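Undergrad: Residue strings, one per chain:
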Amino acid sequence: MKIIIFFEYGKDFFLFWKTAHFLKIFRFFWFFFVFEFVRYVVFDFVVVVFFKIKNYFKRSEYEKAREELFIKKPFISVISPGRNEGENILKLVKTLHEQTYRNFEIIIIDDGSDDSTPQICRTLLKEGKIAKYLRNDIRGGKASVANLGLSEAKGDFILHIDADTSLDRDAIEKIMIPFFIDSKIGVVGGNVKVRNATENLCTILQAIEYLKTITVGRTVLSQLNTLRIASGAFGVFRRDIIERFGGWDVGPGMDGDIAVKIRKLGYRVYFEPKAVCFTSPPKTFKALIKQRLRWSRSLVRFRMRKHRDIFFPTENFYFSNFISFTENIFYSVVLDLKWLVYITDMILHFPSTLKYILPANYFLYLMSNLFQFFIILWFSERKKEELKLIIYLPLVPIYVGIFMRLLRTYAYFQEFFFKTSYQDPWNPGKVSKKAKEIGI
Amino acid sequence: MRFIFITDDISLKIYCEGQKIEIINPEKVNTEILTNYEAVILDTGNIQIAKNVLREIRESEKEEVALKPVLIFDPQEMADEEIISVSDGKVIPGKIEEIIPLTENILKLYSKLSEFKTENYETNIMVRILRFLYTRQKKLSPVISTFSKFGYFYPIVAYQFQEIQDFRVYEILARMESENLLSGTFLDRIHFCNKCHSGFMNFREICPNCRSSYLKVEDLIHHFPCGAVYPQSKFLVGEQLICPKCNKILRHIGMDYEKPSSIFECRSCGATFQEPSVEVFCLYCRSKFPVEESIIWDIKIYELTPGGENCAIHGLRFSIADLLKDKLEFVEYGLFKKFISLEKERKKRYGNESSIGSFQIKNFQDIYILIGERKNELAIEIAEIIKGILRKSDLISVLNESTFLILLTETPPEKAKIALERVKTEIDNVLKNNLTFQGKEFIPQISINVAPVDNFSLNTIF
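Chains as they are written, first to last, in this note's numbering: chain A, 197 to 636; chain B, 187 to 648.
Hints in this document: simulated from the structure, not taken from any laboratory. Quick caveat: nothing in here was measured; it's all calculated off a predicted structure. It is possible that part of the hints are untrue.
[To be verified] If you anchor each label on the Cβ, the simulated ranges turn out as follows:
#1 398(B) x 589(A): 51 to 61 Å
#2 412(B) x 324(A): 32 to 42 Å
#3 298(A) x 434(B): 21 to 31 Å
#4 405(B) x 269(A): 17 to 27 Å
#5 457(B) x 269(A): 34 to 44 Å
#6 609(A) x 412(B): 50 to 60 Å
#7 449(B) x 333(A): 41 to 51 Å
#8 548(B) x 293(A): 28 to 38 Å
#9 420(A) x 405(B): 38 to 48 Å
#10 298(A) x 447(B): 16 to 26 Å
#11 269(A) x 434(B): 24 to 34 Å
#12 449(B) x 263(A): 26 to 36 Å
#13 432(B) x 392(A): 43 to 53 Å
[Claimed, not checked] Straight-line C-alpha distance at most 30 Å; calculated DSBU-like pairs for lysine-lysine:
#14 214(B) x 248(B)
#15 248(A) x 260(A)
#16 328(A) x 445(B)
#17 551(A) x 408(A)
#18 584(A) x 434(B)
#19 325(A) x 445(B)
#20 434(B) x 325(A)
#21 580(A) x 603(B)
#22 573(B) x 603(B)
#23 325(A) x 420(B)
Where is the CB? At the ideal position from N, CA and C, for every residue including glycine.
Model the full structure from these sequences, guided by the hints.
TA: See the structure below:
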């Protein structure tokens, strides 16, 4: 009986769309065609093709830069701030000692850990596997420990890496090369992927999301010179630049904040997809929600509040910064609200045809995700492993299109009206209180 | 106070009000001249000359000269640790009067020493060391020197031996500690060569197959996807790691691959192994031996015990060896060692099993306090015990006043041990019976050790 109903519905569905006029189709899916398809399918594809072609023709320049890196061998300080990350630090240090580029020191900065982290780090120090172990007995927040690491660092470049991250063997070599191609690059962010990708549904969805938004998304923005974030999980900064503004300000959203400061000084924020690192993302949806609310709030706090001067024609005005912020706010905040408008529009004006519109909408998003996924694979150095994720693609439109969108909208609302980020326990209360007082 | 200033620089003049200071060239220094002065001031402008003079003073047969206060005149800070350790302080130009109290103190303590004479070579050295430490009221610390084959060096003790690089320096100090004359504080542990006692040795990993030290060590890589396990060099293609079994690139340790252990490859014979042997190569005599056969010695900082201080003042007046020398026939130590060499040869040729044993009475100083006038009776009793148990063919030699070495010919170690245990038990009883007074029991501390004759060295026997 159920099969017959489903079959009948299928027949009606195809008949409905077969007879639908082009303008009518556009009316039903204006949101997808006007915004999402153009921005995330057509635009990404064009830029990625352009990027690949450019790389092909500039491969000798790339090789020359690589040679220059190994001739000049700049000294890098790898600083890794963290709290209660003992076991992860072991993994991280192990991968650092496997690097093809070796001229670096490792500085671990402990933000008042109360587990076995101090013992583990002191053993690593004794064994000569790290250069320094610094510790704040009283927790001061991530920015404070990162700045402590910066003050103790001796390198010409500062590689900031999260303690729960580990690197591919050639990651440091790859992330350093762009500095020898373009002297205007101030920071290079690495390609962050999910370590325990197939652990559960939560990590699987994040693994696909990271590939979409980081591997492809940041490549596109970087090529357009509108990238406004260098991942804190794995990013290298020129020391002379980072010292000009005294290191990191209070987070959350430190990565985005510091990248914007670098842009304001007129330097480029670059993304290197070949420099791969792996991180452990939240393993439960509850932890994921907490993390994403924090990330999304920082967009309002930093882009719309702290760095709003980017929109005004001051002496440090850069058109690329203006475009970057506008694109970011438009596609994150405005479109989220527009999407609600679209849904309302459909419910109010086409209540009887929703049963055809929603599945078709889902189908369009699925197809665009599939297309994007092939772009991802084109980029990937682990094609075979990442191809396995394709069977989870049908869940992505719901995860990215609905779940994440609602989460973001809620976070913007919280931060915009209640400045919730200042109550986030991610920072010690005393630090957030002070940050709120001085408005950063 | 009369000082003598030893210098080869005739332009140097030092003056101290109220004190007589005469200058002499180092070449003219001799024992007779030095006895005419209370203290010596030594110019260290030429380090080697200064060392020679210091050694001549400290090794002098005349105790009065050997223990004389020696101050160094060292305006250019040339003196090394060796000179500082055997001298008594520095003379500061313009402040020479500052050395007077120090000199007077040494001389005052020296005046407390009673006259002591013994024919025993080692006893003489022991008393000399005790007296030096007592008159200076200081600790005996080693100096680190690359010129000494031991690495650590006790100059004041070494000067008492004919050959400065004599391992007996360490043995005598250990014995003085075991006899409670000195107490030692641990400073370092050192490995000595079991042939020449040098401390300069190269500890090296060697191939268990051909004993070559030309080894290459490599990490082993385990590639998770295909299970391949090979040395890293098999994976290395340029900078990349590529699996020789499945051709995949290894990108990320912990995710694609692991390094579970390492493997050694001998570049001489090609053998591969995970646990190399460890061998010691003596840089001094060039002998090679397994690391466990090296002599492990604790280097210590020594200081006088109350008993040592007493012996410094009064001398080691009691010697079990002296007590027994008329009753037992002792073989001189040098000759004794020749007998041992002969016995070793005999064993090689005929397979005879002979043993060497040691017998030591550790608290012999307590015996000295308790024995009183009955020492002759006691000596006879002890001698009778030894004669009764040992055979005429067994040889006894005296190592020092309380330690004897016994060569038991044609006796395997287990039987030799039984014999020496009997000697120990019976002497134990004699000492207990004779030296227990007014209910206060005397407990002798006697130790014995036995080793096969071909394994003889003072380390195996103690």
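Undergrad: State for each hint whether it applies.
TA: Evaluation of the provided hints:
no., hint, in the structure
1, 398(B) x 589(A): 51 to 61 Å, "holds (60 Å)"
2, 412(B) x 324(A): 32 to 42 Å, "holds (33 Å)"
3, 298(A) x 434(B): 21 to 31 Å, "holds (24 Å)"
4, 405(B) x 269(A): 17 to 27 Å, "holds (24 Å)"
5, 457(B) x 269(A): 34 to 44 Å, "holds (37 Å)"
6, 609(A) x 412(B): 50 to 60 Å, "holds (52 Å)"
7, 449(B) x 333(A): 41 to 51 Å, "holds (43 Å)"
8, 548(B) x 293(A): 28 to 38 Å, "violated (54 Å)"
9, 420(A) x 405(B): 38 to 48 Å, "holds (43 Å)"
10, 298(A) x 447(B): 16 to 26 Å, "holds (22 Å)"
11, 269(A) x 434(B): 24 to 34 Å, "holds (30 Å)"
12, 449(B) x 263(A): 26 to 36 Å, "holds (33 Å)"
13, 432(B) x 392(A): 43 to 53 Å, "violated (23 Å)"
14, 214(B) x 248(B), "holds (18 Å)"
15, 248(A) x 260(A), "holds (18 Å)"
16, 328(A) x 445(B), "holds (25 Å)"
17, 551(A) x 408(A), "holds (29 Å)"
18, 584(A) x 434(B), "holds (17 Å)"
19, 325(A) x 445(B), "holds (16 Å)"
20, 434(B) x 325(A), "holds (29 Å)"
21, 580(A) x 603(B), "violated (76 Å)"
22, 573(B) x 603(B), "holds (16 Å)"
23, 325(A) x 420(B), "holds (25 Å)"
The structure is inconsistent with the numbered hints 8, 13, 21, although it conforms to all the rest.
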